[in-house]
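All chains should be modelled from the sequences, with the hints used to inform the complete structure.
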Amino acid sequence: MYRLAKTGKLMIDILPDKCDFCGCCVGVCPEDAIELKEAEIFIIDPRCTNCAKCVWSCPIEVIKFNREGVLAK
Amino acid sequence: MKNEYDVIVVGAGPAGSMAARFAAEQGVSVLMLEKDRDVGYPVRCGEAISKAGVEEFISSDDKWIAAKISKFSFNAPDGTEVILDFGEAGYVLERRIFDYELARTAANQGAEIITRAYVNGLMFDNGNVSGVKYEFQGEQKEVKAKVVIAADGVESRVGRWAGLETHIDFRDMESAVQITAANIPVDQKTLYFYFGKDVAPNGYFWIFPKGQNNANIGLGVSGIIGKKKSAQSFLNDFMNKNYPNAPVLTTVAGGVPCAITLQKISAPGILVVGDAARQVNPLSGGGIASGMIGGSIAGRIAAESVKMKKPDHILTYDKAWADRLGKRHEIFNRIKEGIYNFSDEKFNNIAHSINKVPYGKRTLGRVFTAALFNQPSLLIDVAKVFV
Ligand SMILES: Cc1cc2nc3c(=O)[nH]c(=O)nc-3n(C[C@H](O)[C@H](O)[C@H](O)COP(=O)(O)OP(=O)(O)OC[C@H]3O[C@@H](n4cnc5c(N)ncnc54)[C@H](O)[C@@H]3O)c2cc1C
Ligand code: SF4
Ligand code: SF4
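Protein chains in written order, with my numbering: chain A, 1 to 73; chain B, 1 to 387.
The hints are simulated quantities; they were obtained by calculation from the structure and are not laboratory data.
All residues carry an ideal CB built from backbone N, CA and C; glycine is no exception.
Be careful, since some hints might not be right.
[Claimed, not checked] According to the in silico footprint, chain B covers these stretches of chain A (three or more CB under 8 Å from chain B):
1. 16-24
2. 36-49
3. 57-68
Structure follows, in structure tokens:
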């Protein structure tokens with residue numbers, strides 16, 4: 001089972017264990033598709049368009065672009 | 001804790017605290033909500049600020065000054081160093097104490113503050129923002145306000161929920177990482193900047209002293225660069241080369257929005273301030289002082305509108321900000337775009353030519369004039385902001 005984005009399969013994966021919760025990705029996301037609490041982060045799947053801007057902006061490579069799609073756990 | 005306030009501020013950074021203080025100072029009721037446990041921590045900042053930028057709002061106090069700065073050192077890719085002397089120009093702050101003190105100045109004026117309160121939505125009344133929804137200790141709550149001030153930093157989601165276009169082009173977002181390291185033997189009165197494609201293409205690398213041989217060491221690069229190499233790898237390369245065994249006391253990531261202010265920073269019932277409004281100086285990436293200025297203007301105007309019972313009065317904030325700093329930031333942004341793509345060779349040539357100017361006569365104006373000498377329209381901009 002793949003997770004579903006607005007544009008088909010979700011292809012963006014955030015690795016929460018590596019995240020610093022800095023908000024850089026949230027600021028560049030055109031769809032407001034990233035939820036960021038004090039120490040919790042996740043993608044709001046149905047809003048994401050797989051544009052990858054968050055991937056390029058993350059200073060510490062915590063968000064990965066996965067062309068196969070992200071598997072739901 | 002009431003269930004309705006005149007003004008609610010979301011985010012307790014420098015911009016939020018000044019908004020809360022300048023509103024509360026006029027006798028209106030103010031609540032400031034912060035999602036983190038602590039005001040002022042984690043510190044995602046190089047912490048450099050001019051003395052004038054601080055003293056407009058709070059008198060200098062050694063308890064939050066880590067280093068007193070009088071010089072800039074610009075370092076070209078070939079190793080040429082250009083030193084500029086400014087006299088008593090600025091500070092490297094201890095922001096975990098500074099931000100806390102700023103919030104206290106708001107509290108002293110009567111503002112209420114709650115930490116660990118995560119704002120996750122807005123309330124609306126006839127299309128006007130009329131309060132916020134937030135999560136506190138696992139419970140979902142609501143609180144009404146006549147004016148909401150969004151000071152939620154680089155994320156800037158609160159303004160979006162009100163329909164403002166707050167997201168920033170990833171090319172204008174400087175993705176940053178910084179460590180605070182010990183045993184860094186740099187001059188404690190100098191801010192060091194490094195340029196070039198190896199250290200921080202389309203951005204810069206910094207070493208800012210923090211007292212006792214500690215220093216903030218970091219860099220920012222545009223998302224364009226991040227496509228190929230992350231800020232973190234640039235930092236690793238620099239540290240491995242220059243200070244391979246330096247003890248690391250703190251590591252943070254962050255984003256610095258380096259663009260002109262948002263097209264609109266007010267809407268019925270809401271004002272946006274600080275990083276959330278993109279009020280950072282786009283050339284330097286400094287946003288503490290300008291955020292405090294934006295916050296203070298918004299706080300004042302919000303309180304005035306409550307007292308006059310004229311909700312529309314808050315819409316004068318856009319112009320008040322533009323006149324105070326917004327237009328100036330447009331100039332800084334043009335200069336930034338003029339030097340954004342300089343090659344290493346160009347940086348080297350500028351450094352060589354500035355070093356021919358006698359030490360006492362070097363100014364930022366001269367540096368940028370040398371940098372942009374073949375772009376006459378930008379020279380006018382340089383003259384406007386640096387002379
Ligand atoms: C690595 C780095 C280095 C920098 N170096 C410098 C420098 O040397 N000098 C300088 O002047 N500037 C520097 N800046 C920029 C400076 O840090 C910012 O411009 C400044 O902190 C902006 O203040 P602010 O109040 O707008 O936002 P912030 O200080 O970011 O505060 C926003 C607050 O809002 C809170 N918040 C966010 N969302 C919510 C929510 N939904 N609910 C409740 N609370 C929320 C956050 O937790 C945060 O506390 C740097 C930035 C970075 C990333
Ligand atoms: S891929 Fe684009 S839309 Fe999806 S979360 Fe990242 S920035 Fe937002
Ligand atoms: S930019 Fe990277 S480190 Fe920062 S919050 Fe997003 S995923 Fe986490």
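Hint-by-hint comparison with the structure:
| no. | hint | in the structure |
| --- | --- | --- |
| 1 | 16-24 | holds (count 4) |
| 2 | 36-49 | holds (count 3) |
| 3 | 57-68 | holds (count 5) |
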